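Chains A and B supply the protein sequences, listed in that same order. Per UniProt numbering, the very first residue in the first sequence carries number 1; after that it's consecutive. Per UniProt numbering, the very first residue in the second sequence carries number 1; after that it's consecutive.
Simulated from the structure, these hints should not be mistaken for laboratory data. From a predicted model like this one, the values you see are computed outputs, not experimental measurements. Possibly wrong hints are sitting among the right ones.
Given that identical chains are not distinguished, each listed pair holds provided it fits within a single copy or across any two copies.
[Unchecked claim] Derived SDA-like pairs: lysine to any residue, alpha-carbon spacing no greater than 20 Å straight-line:
1. Lys338 <-> Pro431
2. Lys334 <-> Ser365
3. Lys53 <-> Pro431
4. Lys57 <-> Gly373
5. Lys53 <-> Thr375
6. Lys356 <-> Lys468
7. Lys452 <-> Asp23
8. Lys334 <-> Thr375
9. Lys334 <-> Glu399
10. Lys263 <-> Cys293
11. Lys57 <-> Pro376
12. Lys2 <-> Asn320
13. Lys415 <-> Asn325
14. Lys57 <-> Ser365
15. Lys57 <-> Lys142
16. Lys322 <-> Glu386
17. Lys57 <-> Asp139
18. Lys334 <-> Gly373
19. Lys88 <-> Ala143
20. Lys322 <-> Met441
21. Lys338 <-> Ser374
22. Lys33 <-> Lys254
23. Lys75 <-> His136
24. Lys544 <-> Pro486
2 protein chains.
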Amino acid sequence: MKYIIIGAVAGGASTAARIRRLDETAEIIMIEKGEYVSYANCGLPYYIGDVIKDRNKLFIQDAASFKRRFNIDVKVRTEAIEIHPSEKKVTLLDLYTQKTYTESYDKLVLSTGAVPIKPPIPGIHSANVFTIRDVHDTDLVKAVIQNQKVKHATVVGGGFIGIEMMENLTHLGIKTRVIERAPQLLAFLDEDMALLAKSEIEANGVVVDVNNGLSEIRDNADGSKTIKLENGDEFQTDMVILSIGVLPNNFLAKAAGLEIGQKGGVLVDEYMQTSNSDIYAVGDVIEFHHPICNASYPIYLAGPANKQGRICANNIVNGNTKKFNGSVSTTIVKVFGKTIAATGSNSRLLKNHNIKHITSITHSSSNAGYYPGSTPMVIKIAFDPESGVLLGAQIIGEEGVDKRVDVFSTYVQNKQTIDDLMEFEQAYAPPFSSAKDPVNMAGFVANNIMDKVMQIYNPEDAIEISKKEFLIDVRTPEEFEAGTIPNARNIELDELRNHLTEIPKDKTIYVFCEVGLRGYLASRILVQHGFEVRNLSGGYRFWKNTYGLTVGESEKAFTYN
Amino acid sequence: MKYIIIGAVAGGASTAARIRRLDETAEIIMIEKGEYVSYANCGLPYYIGDVIKDRNKLFIQDAASFKRRFNIDVKVRTEAIEIHPSEKKVTLLDLYTQKTYTESYDKLVLSTGAVPIKPPIPGIHSANVFTIRDVHDTDLVKAVIQNQKVKHATVVGGGFIGIEMMENLTHLGIKTRVIERAPQLLAFLDEDMALLAKSEIEANGVVVDVNNGLSEIRDNADGSKTIKLENGDEFQTDMVILSIGVLPNNFLAKAAGLEIGQKGGVLVDEYMQTSNSDIYAVGDVIEFHHPICNASYPIYLAGPANKQGRICANNIVNGNTKKFNGSVSTTIVKVFGKTIAATGSNSRLLKNHNIKHITSITHSSSNAGYYPGSTPMVIKIAFDPESGVLLGAQIIGEEGVDKRVDVFSTYVQNKQTIDDLMEFEQAYAPPFSSAKDPVNMAGFVANNIMDKVMQIYNPEDAIEISKKEFLIDVRTPEEFEAGTIPNARNIELDELRNHLTEIPKDKTIYVFCEVGLRGYLASRILVQHGFEVRNLSGGYRFWKNTYGLTVGESEKAFTYN
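Chain A extracted, bound-state conformation (with noise of 0.2 Å):
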């Protein structure tokens, strides 16, 4: 058997390399348009900002060592041009040369990847403007920072890539700026915990626009670049990373008549197969049916890709016996001193995807609070209201968010419930956890909200209720007179029990604390004297550095009240 795969980076080579271990007799042959092969392509922002210091650590494997370890043929530099699904057979050019010339094969593999978006912006082609998808951008901007005085960078764009390259070049002391057309960052998640990820993006020291897309780009006589947005605001900057997002690298496969899926991803089935049987796809060159959305959708993750290199290996030699199931998008990025990660869908996706849900905030320390070291994170879960079905988690917070939201993701993926949630058996020990994991701590919420022992309301409502409702914080009078919600009245916690009469009966009491719990539990106290209760998700500290920062003064002044 004669195996082509045409890319050799994440999907690719793992498929290669996987199909010479069930194969030790195929001839395997992978195409790579670039210079190098199986490089650590996540690694690049780090490198770039001398997080990574030894370029060699980028590489795994080149194309020698291939050959002496798999016997794999890796043409670099070879670019494949065009497929010939009838005869079976790939038109190659080899770049040094520029000579074209055809390889027939029994199976191919397509891994091509994704191609960064450039939109037709005036300006976007000129010097010092880069997009980071491969190690040759890498090794231009690292060349760049090193030999031209570069003082300030946009970042243009503000997904993974885009905060990404804000972190480390703010690491390495330039001043940066991120432009993003949508109204927040990281669109993985909601817009509350994006505000949050906004906030600590400027608490160290970085411009970000949001709801602002980029205009132009204008060349100054100093060398410098001049900026203009789309709400007319111009700045001055030395360097432009565009990191607006990516596409499928459909080329090839749209020339060989290959079923292209609404996003541009080639269409696979479980298989890893394309709409022709004798070619398989892998990594960010392919859409995939979305295991809760009802929809497909590229995925531009290095952990689907290389599982899915493996299962496709697999299925090609032995016959398609192994499935994919899809990614439930399993995500994280670190900013500063915060990680954020998201699993499953957000609010806004399941909304868009009609999607029926509820979410639910609260707030845990990464472990023990008496041990040294531990350190807050906010968890947002979204759950369908009658089956209880886990459908995404968003974490920010620091030490421990990892732990979490893989915990999540394998409840996710295995469509699993509040109840598993509410049973996890962490590993607990202080220097790890709680008793009470922040996993147990969301599942036991949220089994309050669906078994009614509570009633919520959402910090995006908090101030239109506070100017029609009646509105109880349940903290400390100290907490109280340091900042609340407008017109909300002071009642401890502690205290209510013999305030009960001062409670009017005839309307929906709405209730709130620090971070949920003595919300909680005044909620159950008025519950069961007859008052019909909310407590606001995520208490006040949420609301407070989310919605609460659109709060003006003059609303602020009628806190007292």
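Based on these hints, arrange chain B on the given structure of chain A.
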């Protein structure tokens, strides 16, 4: 309704608080023999070790705050001395006044915990011999350390508390020796993993005796003590910590005629109800059906105790609706720079219960190797050879061990399989994981074993095999020269295809490399050339640090034959 809860730590306090949240009008009395309620008993060793400096941090609630917030009547320094189930009454002894009185109940909850084992060894009741069970014990130990010149301490028993005490005493600069009667430390581990733990402890200057019990404690004239071990060895010490183990504190339950299990725990059903329908029990005092082994065991863990409390309260107030599904014994302990954790059943326990299983050992990095701070971990999993159901996992490493054991815990709890490990979608960015997470890698290797893509041999058998079989070290000549398994010959992986004629076809070939990957690749090449091959699980590195430690110098001399 009137509820009495006996025992006011973890399980008891959780139950009481939840009952109040569900029933504002109930009369709730909580009985506590000690002076303190709802304290952080898992933090006690760390308070002794000055890691937790503020004693107040150990206390979550006190009797007054329970009254104020939950309207719960807490009677401290009060001992329940008899339950009268037919009359639904409890006789209580006020330890201050030494007066007895009775309280009636509608429902009773037993949360009396466990008591430390103190075997009848000469000198065991002498001064400066302590157990660590409550705040009082802790204060005593702390006072002795502060006021007397404790230069040397002896910890009897190498379980959790023993190891945590050993670490904390060492942290204070006290020379420490650990005595364990069993053949290994940390019974939740298999022997090989326990050998790795022992090496880490010894590397930190602690003397460890295994297979050697305490036989006598003698007081010396200078205030020190002489410890005599079962093998006759004697040494001097200043303080003894007994952490031999605990037993369910079943005195009240037994006297009340409640059904007691074979291990001495109060038997409860999945609703936490004892054999008397008006009496429930939670925490260390119960024993419960083990989800993997067909037997019931006590569960001496704070996490399950807290969860049982919540379940118990729901069932007591609302009728038996919420189930406890058992504990998979997910546990973790910090040992100097290492973290040691496990979930499910280890191989020894599975063998004891005649449960068929395969074990597999893998080495992984906590996160991408090219990103700073990546540390190694070794993972041993056990799984059902037919169904692939994961039965247990043990991990030793530094960073990210707590994360992986929690992920494994969800899979063990939900009776999931090796396929699920392979599909696990981790949150991947270079600071947090690799494109293939350690959990995935464990799954991939186990899947290769299940699919017979690779056959393995276990490290405990390596020496016997080396004496009789054809053993190939497929590492580089440099690695081979630096040390190998006796009688191994060296054929480097990348040269293997050129040396096939030197390998006998009439016998099974045993290969190994450093961690297992190159051995796997070698086995794939050989198998496809018609050889019968086994690869060493965990590779040379695991063998060298476990069973290899026992190979004498004379045997090592055979290395270069």
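Hint check:
1. Lys338 <-> Pro431: both (19 Å within a copy, 12 Å between copies)
2. Lys334 <-> Ser365: both (18 Å within a copy, 18 Å between copies)
3. Lys53 <-> Pro431: Cα proximity of Lys53 and Pro431: across copies only (15 Å, versus 31 Å in one copy).
4. Lys57 <-> Gly373: Between copies only: 14 Å across chains, 31 Å inside a chain, cut-off 20 Å.
5. Lys53 <-> Thr375: between (29 Å within a copy, 17 Å between copies)
6. Lys356 <-> Lys468: neither (27 Å within a copy, 65 Å between copies)
7. Lys452 <-> Asp23: between (58 Å within a copy, 14 Å between copies)
8. Lys334 <-> Thr375: Answer is both: 15 Å inside a copy and 18 Å across each meet the 20 Å cutoff.
9. Lys334 <-> Glu399: both (11 Å within a copy, 16 Å between copies)
10. Lys263 <-> Cys293: within (14 Å within a copy, 49 Å between copies)
11. Lys57 <-> Pro376: Between. Shortest inter-copy distance 17 Å satisfies the 20 Å Cα cut-off; intra-copy 34 Å does not.
12. Lys2 <-> Asn320: within (17 Å within a copy, 63 Å between copies)
13. Lys415 <-> Asn325: both (12 Å within a copy, 19 Å between copies)
14. Lys57 <-> Ser365: between (35 Å within a copy, 15 Å between copies)
15. Lys57 <-> Lys142: Within one copy only: 16 Å inside, 49 Å across.
16. Lys322 <-> Glu386: between (33 Å within a copy, 17 Å between copies)
17. Lys57 <-> Asp139: For Lys57 and Asp139, only the intra-copy Cα distance (14 Å) is at most 20 Å; the inter-copy one is 51 Å.
18. Lys334 <-> Gly373: both (18 Å within a copy, 14 Å between copies)
19. Lys88 <-> Ala143: Neither, since 42 Å and 82 Å both go past 20 Å.
20. Lys322 <-> Met441: between (36 Å within a copy, 17 Å between copies)
21. Lys338 <-> Ser374: both (14 Å within a copy, 18 Å between copies)
22. Lys33 <-> Lys254: within (18 Å within a copy, 76 Å between copies)
23. Lys75 <-> His136: Classified as within; 17 Å inside a copy, 72 Å across copies.
24. Lys544 <-> Pro486: within (11 Å within a copy, 66 Å between copies)
Checked against the numbered hints given earlier, the structure breaks hints 6, 19 and satisfies all the rest.
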